[in-house]
Amino acid sequence: MSTGSSELTTAGDGLRFDEMELTLGLPGDSHERKSGIKRTFKDMVDLKLGRFENPEIDESNCESSDFKSKSPAKERVIGWPPVRSYRKNTMINNCKYVKVAVDGAPYLRKVDLKSCTSYQQLLRVLEEMFSCFTIYNVLNEKKLMDHGNRLEHVPTYEDKDGDWMLVGDVPWKMFVETCTRIRLMKSSEAITQLDIYNAHLLQL
Amino acid sequence: MVYSLPEEVLEHVFSFITSDKDRNAVSLVCKSWYEIERWCRRKVFVGNCYAVSPGIMIRRFPELRAVELKGKPHFADFNLVPDGWGGYACSWIDEMSRAYPWLEEIRLKRMVVSDESLELISTAFKNFKVLVLSSCEGFSTDGLSAIASNCRNLKELDLRESEVMDLSGRWLSHFPDTFTSLESLNISCLGSEVSFSALERLVARSPNLKTLRLNRAVPLGKLSTLLHQAPQLVELGTGAYSSGIRSDVYTGLSKAFLGCKELKGLSGFWDADPSYLPALYSVCSRLTTLNLSYSTIRSPDITKVIGQCPNLQRLWVLDHIEDSGLNALALSCKNLQELRVFPSDLYAADVNVTLTEQGLVSVSQGCPKLQSVLYFCHQMSNSALITIAKNRPNLTCFRLCIIEPRTPDYLTHEPLDIGFGAIVKHCKNLNRLSLSGLLTDRVFEYIGTHAKKLEMLSIAFAGDSDLGLHHVLSGCESLKKLEIRDCPFGDTALLANVAKLATMRSLWMSSCAVSIGACKILSQKMPMLNVEVIDENGSLDSRLDSCLVEKLYVYRTVAGPRSDMPGYIWTMDRESANRI
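From first to last, the protein sequence lines are chains A and B. 1 is the number of the first residue of the first sequence in this note's numbering; add one for each residue after it. 1 is the number of the first residue of the second sequence in this note's numbering; add one for each residue after it.
If a hint is listed, it holds; no wrong ones were tucked in.
One side only, chain B facing chain A, incomplete, derived with CB under 7 Å:
#1 77
#2 78
#3 79
#4 80
#5 161
#6 245
#7 294
#8 401
#9 403
Label pairs and their in silico Cβ distance ranges:
#10 354/B with 114/A: 21 to 29 Å
#11 102/B with 99/A: 56 to 64 Å
#12 368/B with 99/A: 43 to 51 Å
#13 160/A with 354/B: 26 to 34 Å
Which residues of chain A face chain B? A few of them, derived with a C-beta cut under 8 Å, are:
#14 80
#15 86
#16 109
Rather than coming from a laboratory, the hints here were simulated on the basis of the structure. Computed from a predicted model, the values in this text were never measured in an experiment. Ideal placement from N, C-alpha and C gives every residue a C-beta, glycine not left out.
Construct all of the structure, not just a fragment, from the sequences and the given hints.
Here it is in structure tokens:
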């Protein structure tokens, strides 16, 4: 989806779409506050994911119980049922839509995990979806680095067991298989929890 | 008296005869009519591009303006035809570029088209108007750039369901600003985003645009802009039909649809969000065609839309419509002529939609004009089929796909022979039939006895013996295309009906019981047929006559064996050539 403002046109009653565009954040937040403080998801996940960009490694890591518990695919006859590839490719079972919640947003979005082939691509899609964040980030890229590595949101997901996991630990394909929903957790909350956890460790 | 009519008069009379069948009949009356007719024939349909050569067509019809060609066999749609099989448009386009400088229309189906060919089309034919590429492949958006740049008088560009190498969306911007003749554009199969401003400007300067089918990448928020530029549209294919919760988008859309007074057909609706459906209610009363088969909206929402469309003639949906939706359809849409219900989930172990044979029975009862049915479901009964047949003797096309092969009548556990038998017995004008479920040779006896107008028959996982095939080949007088997979049909029936094959366009048999020996005999007896054996595994031992073939494609031709066969095809000629 295009984000350039030149692409936007007026609605019938003279309002500009970008004026009306819903942005994500707590009520009362101004646009200015959002600029310059957020680091992109890519930067965060980069720390962990380099090793999973190689598809060969993806395959060899598929040993978890999650992968094995996948129900055995029915013996599939070639070309049956007689549905054209064109239609098959756009059909529901070729998609895996999961909800994406961003802390502080008034509504959720849905993303098709199967339309992405890697974590990097997923994060690009998420960035586009919540473009009001990244527009400012892209413009202020250099400034971001100067401000340091403060994260606005941490990507987490709920797996089939109901546990909340950090995005990026498992191979991409396994992630697609096990992810049921995504939550972009406010880093302040994540850091708070982490502090509590670390505090417990120190006490041991 | 007829002999004294001057040529010009006859030619004028013939110009009113447009159907291919009638034209062919006219050409057979006498030699002079043949001559006059061939000089004034303007359009030709070639159902099998290998049945005739470009040269033969050009020699006979020197003044064509429109050519339609079909390439690969129908089962190529379901991945049964390996890559590299053929169907190349190249030689046709090359020769036509030299012979027909005034060619206006090219329509290709299941053919391989290259960018070079598209470029040639765009430069060789000065008055080129219509390009339809249906389920084609082999070209990229670069080829489309050439068409856009060079075809000054283009009216129609329709890429329906083709596989395009989508390099970028920039090709659309190549239509010059002076280009204003566009009437129909279908880019629904393209993945990448075209420049919206270029699209908008194109639509704005095309006052005759009647059909516009967008691709998924065109966001819903932009649709109203396009509709405001083209309120004269008759057919619209939306892009993605969701946009989060945007009341401005909804209002804009609603207003835009209100302005479209000519709109009769709607399609697209990818990722459809039901909350946006009411935006199109204002056009529903005029709708004759509705294709919701790419949307996953559920029965209650589908029902609400259908309830507003009393003039609906054609409906394509997913099985999410369920029996309840079909019952509603039967009540609201008395003008329905065609229904297609596609499966939403091909491989589900559990069936989670309530679509059964009842839905189809309801529609057959409630819709007196129903002629054409394509129905995917999980269960069927003979009694339902008999009811449908009795309700709708006016059916011309009946394609039933019970998803699990060899499924019997779920009530009686019997084969579905008598059910399909009732269909062919009552529906005397049936020209297309697809079978499924548990079927014995009996169903073929019924078909051979009653289906006298049947032109195309598709069979899968059915029958007990060669008798089944023999019934069909010996009984179905109008049969043109026969495609069979995974049936125990073999040499006996084939060799007992060799002459029949010369009256048909083509025969496809895969995973059946035909031997290479029979193929050799068939080739020898019938020189006007191309007998092509597909042997992908390379396991065929042609010295062993009893060896069974994987796939067989037999078609009549006046062009002799084709020269573009891939290595995995065996023919008698190749066999002989190898021996020399």
